[in-house]
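Colleague: Chain residues, written in single-letter form:
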Amino acid sequence: MSDVTDETLTYSLPVDSRKVRLKWLMTALVAVGAVYVLSDAMSNYWLRTFISAAALAIGSLSVSVLFAQLGMVSLAQFALLGVGGWFALRVSHGLGVPFELAILAGGVAAAAFGLVVGLPALRMRGLYLAIITLMMAGAIQVLISAFGFPDGGAGILGKSTGARVMMARPFLAQTDEAYFRYVAVVLVLCYGLVLLHVRGRPGRAWAMIRRSEVCALAGGVHIVAYKVWAFALAGFLAGVAGGLLAGGVGQLDGSAFPASQSIMLFALTIVGGAYSWMGPLIAGLMLRAFPALLNDFHVDGNIATIVFGAGLLHALMTAPKGIAGQLQDAAKALRAKFPGKPGAAR
Amino acid sequence: MPDFMPFFVSGLATASTYVLSAVGIVVLYRASGVVNFSQGALGALAAFISWSIVERGGPEPVAWLAGVLVSTSLAFLYGRALAPRLAFSDPVMRAVATLGVALILLGVMGYVWGELPRRLRLPTDTMSFELIGVRVTATRAIAFALAVLSTVAVMAFLAGSRLGLQMRALANNRDLSALLGVPVLRADGYAWIISGALAGVSGILLADLQRLSGQTLTFAVIPAISAAVIGRFSSLPATVAGGVAIGVCEALLTPVPVVGPFRTAVPFVFSVVALLWMQRKSTFVYR
Amino acid sequence: MIEIEDLTVMFGGVRGLNALTATLPEPVTGLVGPNGAGKTTLINVLSGFVRPTIGTVKIDGENLGGIALHKRAAFGIRRTFQNEQVVENLTAGGNVTAVLDNVPTDRRPRRDLIEAALGFVGMIPKLHVMGADLNAYERRLVEIARATVGRPRLVMMDEPGAGLSQDESEHLRSVIKGIHGYCGAQVLLVDHDVDLISATCVATLVLDFGSRIAYGPTTAVLADPRVRAAYLGVAEESA
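Protein chains in written order, with our numbering: chain A, 1 to 346; chain B, 1001 to 1287; chain C, 2001 to 2239.
No lab work stands behind these hints, which were simulated from the structure alone. Every residue, glycine too, gets a C-beta built ideally from N, C-alpha and C.
To give an idea of the chain A side of the interface with chain C (calculated C-beta under 10 Å), a few residues:
| no. | residue |
| --- | --- |
| 1 | R201 |
| 2 | R204 |
| 3 | A207 |
| 4 | M208 |
| 5 | R210 |
| 6 | R211 |
| 7 | C215 |
| 8 | A218 |
| 9 | G219 |
| 10 | G220 |
| 11 | V221 |
| 12 | I223 |
| 13 | A225 |
Excised from the complex, chain A in its bound form (with noise of 0.2 Å):
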């Protein structure tokens, strides 16, 4: 398996240098910036476009976790966030609890889900993990088509008989705009986690794990406990997305989490590029809003399945870093035709 050089697999977070941390402040007040001015200037419909859009990234984020740190391949992620949406809804329907607190637990909800069912696999191959992740997306498409979600009803599936009530938003974001600011800054939160997780302890051994098992073992690392954690807080992103989403319509459709979105979304994270933190922003937009556009010009939406799936196949033999690496490459040689400072910061 040493045949990826691990050269591929740096995600591309900050590296320690002090001329980094100016660049990134910049990048972050254009993007503040960009995010306050985006969200009063859309229309209704592109601003919940975008609301999907920034949710998904969190799901995609969870698909590239497993993949850039362990290359671990999970075809549910999306079947988790339906699960971890239906949970969201149940609680805050049932419990009446803020919004906060409903996401919280449809991320601990999928995040169990995710594990009691992939835990058989993470001890035998790749390929296996695949398989058994593909299976959990096709059984929960079923569930959730059969029992539909929560809409306020009373009895343990909440579904209601009479009108349907929106799920709850947030109290500090009531309005479309409000909701999106608010789920870029959960967006930004869980880039946070998931930065804290890499740059510390569980990356280490990730990483570890990832040279070689040989390697890992000589070190210390209790291999199947670290996957664990990984495959744990995949689902607790993916949880936590799906929970965003329910919060973003006010309720989510059972006819939506069909097995084929979770292999969209694979196959677009590894488009966007697992391996950086660009990836998982292409892939949600290209998840939501290449379909709205698509819409927009009254093309079918099968022509975005199929350009997906092309997609993925390009990627796979040309450019495993996918469109966020070959960004990367271009500004690096940008760089290398304008040399700037010695010492410039990657």
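Please arrange chains B and C on chain A, whose structure you already have, making use of the hints.
Modeller: Okay, now just chains B and C, sitting in the frame of chain A:
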């Protein structure tokens, strides 16, 4: 207490399609190392093409042949032209690439035919006979017979023929086989052909037995792969046993009151049990 | 102190180790033998990667049999590999930290321990250099640094001397000789380079066909006719 016999019979028929598909998956994996996640999608396309030809008034045998031909050629094309170009040689990523194919096929089928409720009708649907008090349609009997025949044929082929020997060599050690002069690409190509043909036949039958839907047929790859997992991707008899068990279990659970909707978790449950069984003596292999 | 008692390892029908018994008390011990003698198998048993069929191994009086694989590093069993296993997308410091996460630190600040380890092998300037940017010898040294953090008891080295230049070889020798003084750990050195073994190892254990054929002070062992016969064969008496 519902009468389980009709469910058992229909379960056996769907199980036969799973077996056909699973045998294709295992043969391909053994020869080329690729788990073909698009097996179901190829079958779905074969079914749609058959249906379209019949809709336009074409003769049925031509329709079926055309369908199987399309799935076979697409599989072969992918295997010869695209699969070798993958930057990753890791089995997981090569399997993931076939997901890309599945997505493309799903999109094409959705675009051209859409998800209207349809049924593929075969002439054998109307013929039937009695067997231990249950009415068995000829289609179901044929599905079962085809599954048995093709498994036996594939096993005989792998064990007896020169090409089969070459495929087994490939499965064992690809690089070494190449060094020994085994025509790797040729053997590989034939594996894709066999796999694609089985996918087509399986798809057409399943489209008749269940429904002609791109989504459903594409994800029928899940029970097929589950059967392959039970066979550890190497043993054809175990794969067949697994496929039959899954199909029959799924069907038998249909009339059961509470558990009914959960029956689609059957392939998943079987796979998990198989995996746990495989791990029972956890040995760490130092490479 | 390494105590090996009647150690037998079967790989199917092949005896990887055959009733091996040896007590190794010296600070640096060599482990030599022709290819297939069982040297790597012995090290794998100590690492826990291979389970012995019969027999026990004790380190400082404690039986290794009961210690889980991932806990052996914390117990004090460390190892460098023939194919170096440095993590490329961590820095040299990161590599050492990764092991430090799992071994006893005696409440000393981590930064001190990392700098001490890298300082011992002479890699302080490369503290923030990514593993991918280190050359082959530097990676070997980082592996040794990883092996000497956090109370090691036994550092096993599998052919560390392969492919080194003259200067690198000399530096390696001084590092190997210094390990015991630096962290108190025993060193078990497997290599084909007789000069390296002679220069660093006080005593040497010679294996052939999974059994011990000689153990003792290095010079004496290497001159032993039985050892020479194992490597070079015996001259046939003409009829």
